[in-house]
Structure formats: C-alpha cells, structure tokens
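Colleague: One letter stands for each residue in the lines below.
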Amino acid sequence: MGRWIQLLVLTFFSPHLFAQEMSFNLRPGVTAISEQVYGLHMTIFYICCAIGVLVFGAMFWSIYHHRKSKGAVPAQFHESTKVEIIWTIIPFIILIGMAIPATKTLLAMEDPSDADITIQVTGSQWKWHYKYFDQDLEFYSVMASDWDEVNGKLEKRKNYLLEVDHPLVLPIGKKVRFLMTSEDVIHSWWVPDFAVKKDANPGFINEAWTIIDKPGIYRGQCAELCGKDHGFMPIVVIAKPQAEYDAWLAEKEAAYLAKQAQELELVAMTMQQDELMSLGEKVYEKSCAACHQVNGLGLPGVFPALKDSPIALGDVTKHIEVVVNGEPGTAMQAFGKQLGLKELAAVITYERNAWGNDTGDLVQAKDVVAVQNAAQ
Amino acid sequence: MSTISDVHSDHEEHHHAPRGLMRWVLTTNHKDIGSMYLWFSFAMFIVGGAMAMIIRAELFQPGLQLVEPNFFNQMTTVHGLIMVFGAVMPAFTGLANWLVPMMIGAPDMALPRMNNWSFWILPFAFSILLASLFMEGGGPNFGWTFYAPLSTKYSPDSTALFVFAIHIMGISSIMGAINVIVTIMNLRAPGMTYMKLPLFVWTWFITAFLLIAVMPVLAGAVTMVLTDKYFGTSFFDAAGGGDPVLFQHIFWFFGHPEVYIMILPSFGIISAIVPAFSRKPLFGYSSMVYATASIAGLSFVVWAHHMFTTGMPVEAELFFMFCTMLISVPTGVKVFNWVATMWKGSLTFETPMLFAIAFIVLFTIGGFSGLMLAITPVDFQYHDTYFVVAHFHYVLVTGAIFSIMAAAYYWLPKWSGRMYDEGLGRLHFWCSLVSVNVLFFPMHFLGLGGMPRRIPDYALQFADVNAIVSIGGFAFGLSQFIFLYLVIKCIRSGEPAPAKPWEGAEGLEWDNLPSPAPYHSFTTPPEIK
Numbered sequence: 001m002g003r004w005i006q007l008l009v010l011t012f013f014s015p016h017l018f019a020q021e022m023s024f025n026l027r028p029g030v031t032a033i034s035e036q037v038y039g040l041h042m043t044i045f046y047i048c049c050a051i052g053v054l055v056f057g058a059m060f061w062s063i064y065h066h067r068k069s070k071g072a073v074p075a076q077f078h079e080s081t082k083v084e085i086i087w088t089i090i091p092f093i094i095l096i097g098m099a100i101p102a103t104k105t106l107l108a109m110e111d112p113s114d115a116d117i118t119i120q121v122t123g124s125q126w127k128w129h130y131k132y133f134d135q136d137l138e139f140y141s142v143m144a145s146d147w148d149e150v151n152g153k154l155e156k157r158k159n160y161l162l163e164v165d166h167p168l169v170l171p172i173g174k175k176v177r178f179l180m181t182s183e184d185v186i187h188s189w190w191v192p193d194f195a196v197k198k199d200a201n202p203g204f205i206n207e208a209w210t211i212i213d214k215p216g217i218y219r220g221q222c223a224e225l226c227g228k229d230h231g232f233m234p235i236v237v238i239a240k241p242q243a244e245y246d247a248w249l250a251e252k253e254a255a256y257l258a259k260q261a262q263e264l265e266l267v268a269m270t271m272q273q274d275e276l277m278s279l280g281e282k283v284y285e286k287s288c289a290a291c292h293q294v295n296g297l298g299l300p301g302v303f304p305a306l307k308d309s310p311i312a313l314g315d316v317t318k319h320i321e322v323v324v325n326g327e328p329g330t331a332m333q334a335f336g337k338q339l340g341l342k343e344l345a346a347v348i349t350y351e352r353n354a355w356g357n358d359t360g361d362l363v364q365a366k367d368v369v370a371v372q373n374a375a376q
Numbered sequence: 001m002s003t004i005s006d007v008h009s010d011h012e013e014h015h016h017a018p019r020g021l022m023r024w025v026l027t028t029n030h031k032d033i034g035s036m037y038l039w040f041s042f043a044m045f046i047v048g049g050a051m052a053m054i055i056r057a058e059l060f061q062p063g064l065q066l067v068e069p070n071f072f073n074q075m076t077t078v079h080g081l082i083m084v085f086g087a088v089m090p091a092f093t094g095l096a097n098w099l100v101p102m103m104i105g106a107p108d109m110a111l112p113r114m115n116n117w118s119f120w121i122l123p124f125a126f127s128i129l130l131a132s133l134f135m136e137g138g139g140p141n142f143g144w145t146f147y148a149p150l151s152t153k154y155s156p157d158s159t160a161l162f163v164f165a166i167h168i169m170g171i172s173s174i175m176g177a178i179n180v181i182v183t184i185m186n187l188r189a190p191g192m193t194y195m196k197l198p199l200f201v202w203t204w205f206i207t208a209f210l211l212i213a214v215m216p217v218l219a220g221a222v223t224m225v226l227t228d229k230y231f232g233t234s235f236f237d238a239a240g241g242g243d244p245v246l247f248q249h250i251f252w253f254f255g256h257p258e259v260y261i262m263i264l265p266s267f268g269i270i271s272a273i274v275p276a277f278s279r280k281p282l283f284g285y286s287s288m289v290y291a292t293a294s295i296a297g298l299s300f301v302v303w304a305h306h307m308f309t310t311g312m313p314v315e316a317e318l319f320f321m322f323c324t325m326l327i328s329v330p331t332g333v334k335v336f337n338w339v340a341t342m343w344k345g346s347l348t349f350e351t352p353m354l355f356a357i358a359f360i361v362l363f364t365i366g367g368f369s370g371l372m373l374a375i376t377p378v379d380f381q382y383h384d385t386y387f388v389v390a391h392f393h394y395v396l397v398t399g400a401i402f403s404i405m406a407a408a409y410y411w412l413p414k415w416s417g418r419m420y421d422e423g424l425g426r427l428h429f430w431c432s433l434v435s436v437n438v439l440f441f442p443m444h445f446l447g448l449g450g451m452p453r454r455i456p457d458y459a460l461q462f463a464d465v466n467a468i469v470s471i472g473g474f475a476f477g478l479s480q481f482i483f484l485y486l487v488i489k490c491i492r493s494g495e496p497a498p499a500k501p502w503e504g505a506e507g508l509e510w511d512n513l514p515s516p517a518p519y520h521s522f523t524t525p526p527e528i529k
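Chains A and B, in that order, are what the protein sequence lines are.
Taking the working numbering, I'd label the letters of the first sequence as residues 1 to 376.
Taking the working numbering, I'd label the letters of the second sequence as residues 1 to 529.
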C-alpha cells in the first residue's frame with residue numbers, strides 16, 4: 001500500500017511532468033486549413049452541446065418531476081406522427097448546415113495543385129525518410145530520445161519521444177506538397193499543427209499539402225499502428241523564413257555532396273578492428289537493436305538472433321548482401337541507402353565479432369562497395 | 001398460464017436429460033445454452049478486462065515499465081478481439097437464446113442442435129486465440145483490425161492460429177444468426193404478428209441479417225491474409241499487383257455493420273426497460289422499427305469513414321461523410337423516443353432503469369463524438385488518436401455493455417426465479433458509472449491534445465491525464481466483481497421472485513410464464529391479445 005501511495009505521489013508531483021502543458025482541445029494550428037478545421041471542430045462541438053442540453057434537459061426534467069415517489073400518474077400517449085416528423089426533419093436541416101462548410105474545407109484540403117516545393121515522405125519501420133524533389137538532398141529522420149530515457153535509466157528530457165536527429169525543414173508561406181509512401185507496412189504522417197494526416201501506403205503514393213504561416217518547431221507522431229516501435233516514430237518539422245530556409249538548404253546540400261565525395265575516398269581506406277568495433281556498436285544500437293536487440297538475441301519468433309546466426313557466422317559476402325539489400329518478404333530493410341559505407345562496414349564487422357561471434361572477419365568499405373556494384 | 005407452470009415446474013422428473021457436466025455438453029435447451037453463452041461472455045469480459053488492466057498499468061506513467069512494446073501490441077489486439085467476439089457478441093446471443101422464444105411464445109429455438117454446436121465451438125476458438133499468446137513470437141500483435149501488410153508479411157508465426165480462431169467465431173455467429181431468423185419467422189405464437197414483436201426481438205431479427213451478410217466478408221478477409229502470408233498470393237501486396245488499402249475496404253465492409261451488430265440489440269433492451277420503469281408504453285414503436293432497419297441499411301454504405309486518411313478520391317470522401325452524418329437521424333429518433341417514453345411517466349429507478357438511463361446519456365455522448373468524427377476534414381485530426389478510443393468505448397462499454405448489464409438485472413428474476421440484492425445492484429451501478437467516466441472521458445482530451453492510439457509510451461504532457469484514466473480503469477475493472485458476487489448471491493440465496501417482479505413490465509415472459517421460467521417455455525402457444 002505504501003508503495004502505491006509513493007507511486008501516486010511520484011506520478012502527480014514529479015517535476016518533469018510539468019515540463020510541457022497538455023492542450024485539452026484541438027489546437028488551431030499554424031495554417032489557414034488547420035484554422036478552418038479548428039473552426040469546424042468547434043462548430044460541431046457546440047451543436048452537439050446544444051442538442052445534448054435539450055435532450056438531457058428534457059430527460060432530467062422528467063426524471064425529477066415525473067417520478068412515482070412524487071405521485072406521478074403515467075400518461076398513456078405513445079405516438080405522434082407530427083412529433084416524429086419534426087424530430088426527423090430538424091436534425092436533417094442541422095446536418096445540411098454542417099455539411100456545407102465541411103465540404104468546402106475538404107475540397108480545399110484535397111487540392112495539392114500548384115505546389116512550390118515537393119517533398120517525398122517515406123515511412124519505414126520505424127523512421128521517416130525525406131527527399132527534397134528539386135534538390136540533391138535526402139535524409140532519414142529517427143527518434144532522438146535515448147532508449148535509456150524510455151527504460152527509466154535516464155531522466156526524460158523536455159521533448160521526450162517527440163524529438164528527431166534530422167528534422168524536416170520547410171519554408172513558411174510556400175505551398176509544400178507531400179508525396180507519402182512506405183517501404184514496408186502502412187504508416188501515417190501526422191503533424192497536428194498543419195492538420196495534415198495522410199497514410200503512407202507501401203507501393204502507392206498519397207498526396208497532401210500545407211502552407212505554414214508561422215516559423216517554429218512543429219511536432220507530430222506516426223498515427224497508424226506499424227509494428228513494435230510504432231510509438232517511437234516522431235515527426236519534427238522546422239518552419240523557417242525563406243532566406244533562412246535557403247541558407248539551410250545550401251548548407252545541407254553542400255554537406256550532402258561532401259559526404260558523397262568522402263564516401264568515394266573511403267573505398268581506398270582500411271580501418272582497424274578497434275575503430276570498426278566501436279563505431280559498429282554505435283551504429284548497431286541506433287539502427288539494428290530495435291529488432292535484433294542490444295544483446296544480439298533478437299525476439300524469438302519475431303526477429304531472428306544475430307548471435308550464433310548462420311548469416312553472421314557464415315559467408316561475409318552473403319552477410320553484406322543481406323544488410324545492404326535487405327531481405328525481401330521480411331521485416332529486414334535495405335540499409336545500403338540508410339547508412340554510409342564506413343558505418344555499414346563497421347556494423348557488419350561488429351555483428352560478426354560481438355556477443356561471442358568472434359569470426360575475426362574485418363569488413364572494409366571496399367567490400368561493401370563490391371557488393372553494391374555487383375547488385376547494379 | 002397455470003397449466004404450463006404445473007406441468008413444467010419440476011422438469012427434472014420427467015425430462016430424462018443427462019446430469020452433471022454432460023447435461024451442459026449435450027443440452028439443446030435454449031435456456032441452458034443461453035446461460036452458457038452469458039457465463040462464457042462474462043468470463044471473456046474478465047479475461048479481456050485483465051488485458052485492458054495490463055495496458056492501463058503500462059500507460060500509468062510515461063516510459064516502459066511493465067511490458068515490451070511487442071507484448072503491449074498483443075494486449076491491445078487480443079483485448080479488442082476478446083471484447084468484440086468473446087464478450088459483447090456472445091452476451092447478445094445468450095440474451096437472444098433466453099428471451100426470443102419466451103417473447104414470441106415458442107417452446108425453444110427452432111434449431112436446437114445447431115444451437116448447441118454454435119455455442120460449443122466458441123470455447124475452442126478462444127482457447128486457440130489465447131494459446132497463440134504463448135507461442136514463440138507471441139500472439140497477434142497487429143491490432144484487432146489486422147491491417148495488411150502488418151498482418152501478412154510482418155506478422156508473427158502464430159497468425160494462422162488467429163485466422164483459424166476468427167473462422168470458428170464467424171461460423172458460430174452465423175449459426176446463431178440463422179437460428180434467430182428461423183425461430184422468429186416460424187415459431188411465433190398465432191396472432192404474434194411482426195408489428196407486435198417486442199423491440200428486442202425486432203432488433204435481433206435485423207441484427208441476425210447483418211451477421212449473415214458480413215461474417216462471410218470477415219471470413220474472406222482472414223482467408224486472404226492467410227494465403228498472402230503462407231501461400232504466396234498478393235491480394236494486399238503492391239509488388240504482386242495487390243493493394244493494402246483493399247484490405248481495409250474489405251475489413252470495414254464487415255467492420256461497420258459489425259459495430260451495429262453490437263448496438264442494435266442494445267436498442268431493443270433499452271426499449272423494453274425504459275417503458276417498464278416509466279409505467280408507460282414505448283413512444284413510437286413503429287418508428288423504432290423503421291429507425292432500426294434504416295440504421296442497418298445505412299451501415300452498409302458508410303464503411304470508408306474509418307479510412308479517410310488512406311487517400312481516397314475526394315468524391316468518395318464526400319459520399320461517405322454525407323452517409324455517415326445521415327446515420328445520426330434514425331439514431332436521434334431512437335433517443336428522442338426513449339425520452340418521450342419517460343416524459344410524463346411514473347418513474348422508479350431500480351438497477352435496470354439506472355443502467356438504461358446511463359446508457360441513453362452515455363451512448364448519446366458516444367454518438368456526438370461519432371458525429372464529430374463523421375466530419376471528414378476534422379476526422380483527419382481525430383483519426384487514430386485517443387479521441388477515437390474514447391468514442392468507441394463510449395458506444396461499446398457504456399453503450400453495449402451497460403445495456404447487457406441492464407438486461408441481466410431486468411431478466412435475472414425471470415431466469416433464476418430469485419431477486420437480486422437491490423442495494424448491491426445500485427452499488428455496482430454507481431461504482432461503474434463514476435469509474436467508467438473517469439476512465440473514458442479524459443481520453444477525449446488526450447486525443448484532442450494529440451496522443452495517438454496503440455502506443456505503449458507517450459510524451460510527457462500526457463502523463464497526468466493518463467494516470468487519471470488508469471485509475472478509472474482499475475476502479476471500473478474491480479467494480480465488475482460486485483456484479484459477479486451479486487449474481488452468485490442471487491442464484492444461491494435470493495428471495496423468490498414473483499412471475500412479474502416489475503410493476504410496469506410487459507410481454508409474454510412476464511404475463512404468461514412463472515419465475516423461474518419453465519424448462520420449455522411454451523408447449524402450447526399463448527393467446528396473444
């Protein structure tokens with residue numbers, strides 16, 4: 001009992017809970033559409049309240065005044081066509097009144113034409129990938145909260161579960177079109193402040209759009225159950241004024257190109273085991289441990305173990321192929337695009353030498369390139 | 001009336017049925033089977049409830065404390081499946097078994113042997129489903145809606161067991177529905193015309209047609225999942241020319257009529273209880289029948305309102321928005337009729353009436369949030385958040401389950417021949433009423449505040465409200481044991497009940513049968529006034 005009270009007190013009074021205020025209503029958001037949606041939400045809410053007051057009012061009046069203990073004698077009326085017609089027609093008229101503005105807003109929401117910028121949003125288990133259509137720029141966006149925060153080993157920070165390593169950056173005042181798709185299961189890209197929620201369906205492309213009015217940081221989450229870590233797949237959008245956006249874009253593009261050039265140089269380099277193993281462990285924990293677990297044991301029946309696995313102990317080339325190209329028909333993704341050459345080499349080395357796998361194999365960037373070239 | 005009770009008051013002496021366990025295994029009696037359905041349903045209610053408690057315990061605080069995300073997903077999935085197919089639907093079938101023959105003046109259900117089978121395959125279906133939780137890789141973890149490809153390519157090995165269990169549940173439901181239809185069409189006492197049927201019979205009649213129409217669709221959906229996963233077909237895989245959204249169309253073509261399957265019999269129950277305790281005939285009987293039929297008809301053309309975010313053409317979105325809004329008209333008619341029935345009545349508030357009034361208010365709140373969800377542009381914001389969770393728990397828990405509770409209290413004297421403890425009944429009602437609202441009302445706020453559903457962990461701003469919701473959940477779960485204790489106490493040592501314990505009750509079961517009702521309800525047809 002004492003423990004429960006302690007737990008209750010802890011729950012209600014621990015300071016981190018007050019780090020952020022919860023909104024008890026829908027937020028009006030930062031786009032013209034989201035404000036219209038908020039308006040519709042409040043209108044239909046007030047209509048429901050009014051009907052509720054009338055119906056429940058009549059009912060509680062009856063409960064109070066027409067009770068047997070007050071000597072009420074039951075009337076015997078049991079039908080009235082006139083009344084029935086009235087209370088069929090009135091709701092009908094209210095509904096038409098509601099349907100008109102809803103239709104207008106819906107037609108506007110579903111018109112992605114004349115966009116200034118196009119972003120391809122691709123969901124996969126459990127991260128988002130953004131590709132700027134008109135630029136040489138694409139990147140993955142993964143939850144930045146530490147797993148130790150989730151498991152209670154570290155204090156939870158302010159934007160716990162709502163922070164990512166690489167946020168999507170967009171300009172304000174421009175019509176941004178999103179093309180949504182998925183690489184595995186169905187995900188749903190949702191940013192409440194834009195009133196945009198659209199499913200990312202594997203093999204199909206959905207459209208949505210927004211024009212952001214105010215600069216700021218807007219947070220959302222995946223809204224469609226997409227497997228084990230569905231709850232750990234946040235979305236962060238940073239909206240910047242055009243000039244800042246352009247500067248960011250230029251910087252990002254340059255960095256992106258520099259990284260690609262660096263990748264080419266890596267082919268000639270040879271890394272030592274210590275370097276490969278320490279980098280590999282980091283990459284493994286970020287990209288692989290969600291399924292195969294930190295201890296390499298996987299989740300029996302769901303995700304296979306890597307410790308003592310035939311792939312990690314067998315042919316190196318086969319192992320590289322699985323990591324780079326994925327395993328079609330299973331949850332194993334293709335990491336060739338998600339990770340750099342150095343990271344791929346490191347993580348495969350790590351998998352072949354950690355948890356007592358001890359093959360002694362070192363995988364270098366050039367080995368990975370060989371597999372990638374063979375696939376093309 | 002007296003002749004019937006004399007002949008049957010002690011059926012054991014001339015009815016050479018097996019005794020002990022075999023009596024229950026071999027029984028073809030509608031009352032025995034009805035009781036088994038009801039007890040089975042209560043057992044599943046506790047099992048599914050225990051899973052809800054695990055969910056609420058994990059969500060009591062942010063962070064992962066008790067379970068892994070994969071197990072959490074299994075809990076949300078199996079909780080939903082158990083509550084829909086194991087608790088609510090069998091409870092209604094049990095009520096139909098007990099009540100339909102008594103209400104229409106029949107001796108039994110029309111197809112008693114099929115009746116036995118339709119019950120007895122259910123425990124096997126749920127054993128298979130629950131056993132899959134203990135397999136390597138765990139049980140179904142893709143939500144009770146099992147959207148492909150999460151349920152095909154990415155599902156655990158136990159998915160075949162899930163498919164098989166759903167098939168058995170579907171066969172059971174279809175057999176139960178056939179039995180209800182055949183009974184109502186053929187075994188009505190002379191003079192019991194369709195427009196004299198009690199509304200519970202009417203609503204079940206319509207529900208049975210819905211069941212026959214949509215359970216095969218569900219069977220088709222699970223079979224396609226089975227072949228996609230194990231036999232290389234590509235119904236739901238774009239790589240083979242299929243479409244994952246096709247799954248959702250098929251599923252919700254079943255799923256939306258299914259939610260009316262779980263609420264139409266409730267309307268029948270409330271339409272029996274409200275007049276009884278208002279001591280006044282039901283207002284607008286025929287409009288109630290027409291409203292039920294139009295709700296059933298509309299239920300076939302609104303399925304895609306569950307799928308507004310999947311990227312449908314805007315024309316389709318408009319069509320489904322308008323049809324969905326239209327459903328509120330006949331549903332409103334029902335609520336208005338109940339209030340008009342109470343108006344100028346002579347009301348008393350025994351436990352069945354308390355649950356019925358709570359049903360009307362809370363189901364209507366669920367209806368309001370349903371109307372809000374129908375508005376497509378706003379649905380984009382509500383969809384897959386706790387607002388939806390609040391909505392369907394208001395219509396299913398304070399709707400369907402409260403009506404089942406109301407029915408249990410109302411007919412318990414007729415079933416057992418004994419009165420329940422009114423004080424305990426009221427205690428159960430008030431505990432349930434308060435806790436269920438602490439449990440589900442704040443979920444509206446969580447959804448509007450932006451918390452997605454089906455997540456094992458949440459951002460810090462949702463912590464306080466989730467803690468409150470969990471406390472409501474534990475209290476609601478515990479409150480149901482008051483009901484269990486009350487029923488056992490009633491059966492063992494309740495005061496003997498008169499044939500008609502409720503002053504204003506009407507119907508053949510009260511006027512023409514003693515309490516407890518005889519083993520075979522009517523061997524000679526009653527006279528219908």
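In short, the hints are calculated from the structure, not lab data.
All values reported here derive from a predicted model rather than from experimental measurement.
There may be inaccurate statements among the hints.
35 Å max Cα-Cα, derived DSBU-like pairs, lysine-lysine [as the list claims (entries may be wrong)]:
id	chain 1	residue 1	chain 2	residue 2
1	A	366	A	337
2	A	68	B	153
3	A	70	B	196
4	A	131	A	82
5	A	282	B	196
6	A	252	A	240
7	A	70	B	153
8	A	131	A	158
9	B	344	A	82
10	B	153	A	82
In silico contact screen, one side only, chain B against chain A (beta carbon under 8 Å); selected entries [to be verified]:
id	residue
11	20
12	21
13	24
14	25
15	150
16	238
17	284
18	309
19	314
20	332
21	348
22	361
23	378
We put the beta carbon where it would ideally sit given N, CA and C, even for glycine.
Colleague: Each hint: holds or not?
Modeller: Verification of the supplied hints:
A hinted pair counts as satisfied when its Cα atoms are at most 35 Å apart, and residue 366 of chain A with residue 337 of chain A qualifies at roughly 16 Å. A hinted pair counts as satisfied when its Cα atoms are at most 35 Å apart, and residue 68 of chain A with residue 153 of chain B does not qualify at roughly 62 Å. Straight-line distance between C-alpha atoms of residue 70 of chain A and residue 196 of chain B comes to about 32 Å, which keeps the hinted pair within the 35 Å bound. With a CA separation close to 62 Å, the supplied pair residue 131 of chain A and residue 82 of chain A exceeds the 35 Å bound.
Distance check on the hinted pair: residue 282 of chain A and residue 196 of chain B sit about 74 Å apart at the alpha-carbon level, beyond 35 Å; violated. Taking the CA atoms of residue 252 of chain A and residue 240 of chain A, the gap is near 14 Å; set against the 35 Å cutoff, the hint holds. The hinted pair formed by residue 70 of chain A and residue 153 of chain B fails the criterion: a straight-line CA distance of about 65 Å is larger than 35 Å. Distance hint between residue 131 of chain A and residue 158 of chain A is fulfilled; the C-alpha atoms sit about 28 Å from each other, no more than 35 Å.
Between the alpha carbons of residue 344 of chain B and residue 82 of chain A the distance comes to roughly 18 Å, so the proposed pair stays at or under 35 Å and holds. For the suggested pair residue 153 of chain B and residue 82 of chain A, the alpha carbons sit about 57 Å apart, so the restraint of at most 35 Å is broken. Residue-level restraint check for residue 20 of chain B is violated (minimum Cβ-Cβ distance to chain A is 41 Å; threshold 8 Å). With a least beta-carbon distance of about 36 Å to chain A, the hint placing residue 21 of chain B at the interface is violated under the 8 Å criterion.
For residue 24 of chain B, the suggested interface contact is broken, since its CB lies about 36 Å from the closest CB of chain A, more than 8 Å. The restraint placing residue 25 of chain B at the interface with chain A is violated, with a minimum CB-CB distance near 35 Å, outside the 8 Å limit. Interface restraint check: residue 150 of chain B against chain A, minimum CB-CB distance 4 Å, threshold 8 Å, status holds. Annotation: interface hint on residue 238 of chain B holds; nearest CB of chain A at approximately 2 Å, less than 8 Å.
Given hint, residue 284 of chain B at the interface with chain A, holds; its Cβ is 5 Å from that chain's nearest Cβ, closer than 8 Å. Interface restraint check: residue 309 of chain B against chain A, minimum CB-CB distance 5 Å, threshold 8 Å, status holds. Satisfaction of the interface hint for residue 314 of chain B is found here, the shortest Cβ-Cβ separation to chain A being roughly 4 Å, below the 8 Å cut-off. Satisfaction of the interface hint for residue 332 of chain B is found here, the shortest Cβ-Cβ separation to chain A being roughly 5 Å, below the 8 Å cut-off.
Look at residue 348 of chain B: its Cβ gets to within about 5 Å of chain A, closer than 8 Å, so that hint holds up. With a cut of 8 Å, the hint placing residue 361 of chain B at the interface with chain A holds, because the nearest CB-to-CB distance is about 6 Å. Interface restraint check: residue 378 of chain B against chain A, minimum CB-CB distance 5 Å, threshold 8 Å, status holds.
Checked against the numbered hints above, the structure violates hints 2, 4, 5, 7, 10, 11, 12, 13 and 14; every other hint is satisfied.
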